[in-house]
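Novice: Now for the letters of each chain:
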Amino acid sequence: MNAEPMNVTGTPLRDKGEVLLSVENISLRFGGVKAITDVSFDIRKGEIRAIIGPNGAGKTSMLNCINGFYQPQEGRVVFKGERRAKMRPHRAAAGGIARTFQNVALFKGMSTLDNIMTGRTLKMKRGFFWQALRHGPALHEEIEHRRVVEDIIDFLQIEHIRKLPVGKLPYGLQKRVELGRALAMEPELLLLDEPMAGMNLEEKEDMCRFILDVNNQFGTTIALIEHDMGVVMDLSDRVVVLEYGRKIADGTPDEVKRDQKVIDAYLGVAH
Amino acid sequence: MSDIATRPAPNLLASPLVKFGLLLAAIVVALAAGIWLDSSNTLYAIFVDPFRQMAQAPDLLVQTIWEGLVSGVLYALIALGFVLIFKASGVFNFAQGIMVVFAALTLVGLYEKGVPAFLAVIITLGVMFALAVAIERVVLRPLVNQPDIILFMATFGITYFLIGFGEALFGGNPKQMIADQLYLPKGAIDLQILGGLVSLQKIDIAAAVIASLMIAALAAFFQYTRIGRALRAVADSHKAALSVGISLNQIWVIVWFTAGIVALITGIMWGARSDVSFALEIVALKALPVLILGGFTSIPGAIVGGLIIGIGEKLGEFYWGPLVGGGIESWLAYFIALGFLLFRPQGLFGDKIIERI
Numbered sequence: 001m002n003a004e005p006m007n008v009t010g011t012p013l014r015d016k017g018e019v020l021l022s023v024e025n026i027s028l029r030f031g032g033v034k035a036i037t038d039v040s041f042d043i044r045k046g047e048i049r050a051i052i053g054p055n056g057a058g059k060t061s062m063l064n065c066i067n068g069f070y071q072p073q074e075g076r077v078v079f080k081g082e083r084r085a086k087m088r089p090h091r092a093a094a095g096g097i098a099r100t101f102q103n104v105a106l107f108k109g110m111s112t113l114d115n116i117m118t119g120r121t122l123k124m125k126r127g128f129f130w131q132a133l134r135h136g137p138a139l140h141e142e143i144e145h146r147r148v149v150e151d152i153i154d155f156l157q158i159e160h161i162r163k164l165p166v167g168k169l170p171y172g173l174q175k176r177v178e179l180g181r182a183l184a185m186e187p188e189l190l191l192l193d194e195p196m197a198g199m200n201l202e203e204k205e206d207m208c209r210f211i212l213d214v215n216n217q218f219g220t221t222i223a224l225i226e227h228d229m230g231v232v233m234d235l236s237d238r239v240v241v242l243e244y245g246r247k248i249a250d251g252t253p254d255e256v257k258r259d260q261k262v263i264d265a266y267l268g269v270a271h
Numbered sequence: 001m002s003d004i005a006t007r008p009a010p011n012l013l014a015s016p017l018v019k020f021g022l023l024l025a026a027i028v029v030a031l032a033a034g035i036w037l038d039s040s041n042t043l044y045a046i047f048v049d050p051f052r053q054m055a056q057a058p059d060l061l062v063q064t065i066w067e068g069l070v071s072g073v074l075y076a077l078i079a080l081g082f083v084l085i086f087k088a089s090g091v092f093n094f095a096q097g098i099m100v101v102f103a104a105l106t107l108v109g110l111y112e113k114g115v116p117a118f119l120a121v122i123i124t125l126g127v128m129f130a131l132a133v134a135i136e137r138v139v140l141r142p143l144v145n146q147p148d149i150i151l152f153m154a155t156f157g158i159t160y161f162l163i164g165f166g167e168a169l170f171g172g173n174p175k176q177m178i179a180d181q182l183y184l185p186k187g188a189i190d191l192q193i194l195g196g197l198v199s200l201q202k203i204d205i206a207a208a209v210i211a212s213l214m215i216a217a218l219a220a221f222f223q224y225t226r227i228g229r230a231l232r233a234v235a236d237s238h239k240a241a242l243s244v245g246i247s248l249n250q251i252w253v254i255v256w257f258t259a260g261i262v263a264l265i266t267g268i269m270w271g272a273r274s275d276v277s278f279a280l281e282i283v284a285l286k287a288l289p290v291l292i293l294g295g296f297t298s299i300p301g302a303i304v305g306g307l308i309i310g311i312g313e314k315l316g317e318f319y320w321g322p323l324v325g326g327g328i329e330s331w332l333a334y335f336i337a338l339g340f341l342l343f344r345p346q347g348l349f350g351d352k353i354i355e356r357i
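Chains as they are written, first to last, in our numbering: chain A, 1 to 271; chain B, 1 to 357.
The hints are simulated quantities; they were obtained by calculation from the structure and are not laboratory data. Watch out, some of these pointers could steer you wrong.
[Claimed, not checked] Lysine to aspartate or glutamate pairs mimicking EDC-like chemistry, simulated, CA-CA at most 20 Å apart:
hint, chain 1, residue 1, chain 2, residue 2
1, A, Lys108, B, Asp148
2, B, Lys202, B, Asp190
3, B, Lys239, A, Glu186
4, B, Lys239, A, Glu194
[Stated by the list, open to error] Restraint-style ranges between C-beta atoms, simulated for each label pair:
hint, chain 1, residue 1, chain 2, residue 2, range
5, A, His227, B, Leu24, 21 to 29 Å
6, B, Leu285, A, Ser111, 43 to 51 Å
7, A, Asp213, B, Leu22, 51 to 59 Å
8, A, Lys163, B, Phe118, 39 to 47 Å
9, B, Phe118, A, Arg83, 34 to 42 Å
10, B, Ile149, A, Lys163, 32 to 40 Å
11, B, Phe118, A, Pro170, 18 to 26 Å
12, B, Ala134, A, Lys257, 36 to 44 Å
13, A, Ser111, B, Ile150, 27 to 35 Å
14, B, Ile150, A, Arg88, 21 to 29 Å
15, A, Asp213, B, Gln146, 33 to 41 Å
16, B, Gly339, A, Pro170, 55 to 63 Å
17, A, Glu144, B, Ala216, 24 to 32 Å
From a predicted model like this one, the values you see are computed outputs, not experimental measurements. The C-beta atom is built at its ideal place from N, Cα and C for all residues, glycine as well.
One chain only, chain A, in its complex shape (with noise of 0.2 Å):
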C-alpha cells in the first residue's frame, strides 16, 4: 500500500476535536439472534475511524444504527450532542450522516451526474410550484448546484464519465459515484461500508487517496469498515474492533495490533 501513512509508529496524532458522534451501550437484536450487544465508542472531529472485525462481527449493523436504518432496542446515539433513542435516516441525513453501501446502492437507471445531483436534494429548497415551473429561482437554484457537482466530478476524476447509465459502470467506478453522491451532501460524517471491497490494487490506492483528500481538505469524519488490514492501519486515527457483536479494543492503530484478543479473534485460538 503506497498511500501516505498517516500516523507512523511514535509520530503522535494529531489534534482532534471533540466528540461529534458517540454510541451508549446499544444492542441491537433480530429476533432471537444478538447482532450488537452493549457497545460503546465514539468519533471525534476530523479524524478516521475505524471499525474492523470478523465477518458477521456487526459492523454493518453498527453504521444503520448510526444512520438511522436500524434502530437498536438498547442505548443511545448521541450527535452533535443531541441524544436520540431513534434515528431516523431522513433525520440523520438532513442533520449531515452520509454513508456509501458495502453492496453500492446507486440509482441505476440515472447517470453519474443525476445520481450525485440527488445528493443535493436536502440542500435544495425551492418548493413544489417552483420547481413544477422550473423557472426563476429553481432555475438558478438548480444552476448553483450543479456547480457543486461538477467540482466533485473533478476532485473524483470522473468526468468521462459524466453521462453514462451507473448501472453500466465497472465496479471501481461506480463505487467512486457512490462516494461522490456521498459528498454532494457535504456531511460532517460520512460513512464508508468497505469502500475497496472487490477493488484491485490500483482501485484502492485511488479510493485511499480520496479518502484522505477529503478527509485533509473539507476536514469531513470518517467513520469506515474495511477489510484490508493495510489500509486500515494506514488510514485511520483509531480502531474499534467488533467481534460476535461485542467491542473487544478500541484504540490506535498500534495499540489494537498489539492487542491479544484482537490477534485471537483474527487468528483463531485453541481451546
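Got chain A; can you put chain B on it based on the hints?
Specialist: Below, chain B without anything else, positioned relative to chain A:
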C-alpha cells in the same frame, strides 16, 4: 498466421436491422408464394383485400385512424398513471383503473349533490390528495422494503376497497359526465377530404390537446427538477434514496397524488365520451398491453404504445374483424403485446435491463 484467420467472423445476425430485414424479406416471399398458390382466396382476403379497401376509400381509413387515435390517447393517459407510480415506487399499481372511475364518480357525485362544477373539480382534487396520503400511511409505509410482489398485491386490495367504497358512496349506476358544465366542447367538425366526409368530435380534439399538454408537463417535471430526480431515485433504490435524505413518504404522496390528477383528467375525458361507470375499470386493463409495448418506465413509451394499440385495434376491427366474425377489438391489443414480449421484453422505450454479473 494471418490476422483474418484468427479474427472471429463478423456476426451479421447480431445487427437487429439485418435480422429484422431478413425476417421481413422472408415473410414477403412466403406471402407472395402463398398468394400465388392460394386457391380458396383466404390469404388474399387477409393480406391483400384489406389494403385494397383502404386505398379505395381513404376517407374511411382516415376516420378509422382518428377513432383509433382518440381511444389511443385515453389508453395512453391510463398507462401514464401506471408509469408514474411504477417509476417512483417500482410498484405496478393495479388500482390505477379504479382510481379513474373513483375520481370521475366523485366529481359527478359531488355535482349531483349540488356543488358547482368547478368547485367540485377542486374538491375532487382534494379527495385524490387525501387518498394519496391515506394510501401512503396505511398501505405503503408499513410495507417499506418488502418485495415488489407484496406491494403489487397490496394494490389489489386498494382496488377492491375503492370499488366497494365508490359503490357505497355513489351507487353502482352509470352516471352522466358533467361535460357541459365544465365547458368541454360538444358536437363535431366535418371535414371534406379525400372525396369523402370525415367527422371529428370536438371533445376528442380537446382530449388529445389536454392529454398532450399534461404529458409534456409531466415529462419535463420528471427530467429536470429536484423532485423529479428524487422520484426516479426512489424508483431505483429505496435505501440509497433514504441515505441521501430523500423522504420516501413525501415522494410517495406526491406521486400517488400526481397519478390521482391524471386519473381525474382521464375520467373526465373518458366519461364525456361514454358515461361514468365501473365498466371503465375493465377498459383500464388495456393499459397493460400499452405498457408492454411502450415499456413500464417510459412516459413517451406510454404515449406511443397507447396510440399504436388504439389505432391497431380500430384498424384491425374494421378491416380484418369481419373475416372472423368481428369482435377482435377486445383481444387484439393483448395479442400484439404478446408478440412484443417475445422480441422486446423491455418495450419500445423502456430502460434497457442492465444486469452486471
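Novice: Each of the hints needs a verdict: does it hold here or not?
Specialist: Hints and how they fare:
no.	hint	in the structure
1	A:Lys108 / B:Asp148	17 Å, holds
2	B:Lys202 / B:Asp190	10 Å, holds
3	B:Lys239 / A:Glu186	19 Å, holds
4	B:Lys239 / A:Glu194	17 Å, holds
5	A:His227 / B:Leu24: 21 to 29 Å	56 Å, violated
6	B:Leu285 / A:Ser111: 43 to 51 Å	34 Å, violated
7	A:Asp213 / B:Leu22: 51 to 59 Å	55 Å, holds
8	A:Lys163 / B:Phe118: 39 to 47 Å	45 Å, holds
9	B:Phe118 / A:Arg83: 34 to 42 Å	52 Å, violated
10	B:Ile149 / A:Lys163: 32 to 40 Å	34 Å, holds
11	B:Phe118 / A:Pro170: 18 to 26 Å	56 Å, violated
12	B:Ala134 / A:Lys257: 36 to 44 Å	57 Å, violated
13	A:Ser111 / B:Ile150: 27 to 35 Å	31 Å, holds
14	B:Ile150 / A:Arg88: 21 to 29 Å	23 Å, holds
15	A:Asp213 / B:Gln146: 33 to 41 Å	40 Å, holds
16	B:Gly339 / A:Pro170: 55 to 63 Å	36 Å, violated
17	A:Glu144 / B:Ala216: 24 to 32 Å	26 Å, holds
Checked against the numbered hints given earlier, the structure breaks hints 5, 6, 9, 11, 12 and 16 and satisfies all the rest.
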